[in-house]
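J.: UniProt numbering numbers the first residue of the sequence shown as 1 and each following residue consecutively.
It is worth saying that the hints were derived from the structure and are not from the lab.
It is possible that part of the hints are untrue.
Using C-beta positions, here's what the derived DEER-type ranges look like [stated by the list, open to error]:
hint: 1; residue 1: E84; residue 2: L20; range: 31 to 39 Å
hint: 2; residue 1: E84; residue 2: E108; range: 13 to 21 Å
hint: 3; residue 1: S81; residue 2: D23; range: 34 to 42 Å
Every value quoted in this text rests on a predicted model; they were computed, and no experiment measured them.
The beta-carbon is built from N, C-alpha and C at its ideal position, and this holds for glycine as well.
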Amino acid sequence: MPLLRLYERSDSAAAPTPILALDEQIIQFQDGIRMVLGNDDLGAGSLYVTNRNVVWLSSDDERLGWSIDLPFVTLHAISTSGNEDFPGPWLLLQFDVDLDCEPDAISECRFVPLQESLALNSLYLSMCSAMQQTSSNAEHPEVKIGNDIGEHDMDEVDQEGQ
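Work the whole structure out from these sequences, hints included.
T.: See below:
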């Protein structure tokens with residue numbers, strides 16, 4: 001199973017959506033998300049969190065999409081400390097890659113909302129939930145996946161707006 005790959009999309013729907021495996025389900029969807037893969041800004045698109053992957057589909061280039069296999073995500077976090085490249089909050093994913101063997105491997109990506117008002121916390125919690133499900137069925141038991149904010153009731157979090 002590859003860590004990061006170009007992703008096919010279905011054009012049978014009114015808006016393009018990811019092509020899912022039989023046992024794959026979309027947990028959360030968010031439009032208006034910029035993807036920065038390594039140092040490359042790929043532009044705006046839609047972010048899908050599934051029970052197996054994080055999928056981003058470009059809204060600028062219908063041929064462009066990326067899928068990240070959840071077992072290879074070693075860290076995911078929300079950064080609220082802005083800088084000149086990312087003035088607002090963004091979601092960081094770091095990957096389990098061996099930079100000694102593959103020095104040019106991409107080891108992280110950022111998902112930056114186009115509107116600062118977009119709450120990243122619900123995307124983060126969806127990833128936590130998906131990663132917990134994935135770790136239960138892990139094909140890679142050596143990958144440690146954790147939730148550093150504790151367990152939360154998703155309905156309670158949504159009602160509080162966090």
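J.: Which of the listed hints are not met by the structure?
T.: Hint check: nothing fails, all pass.
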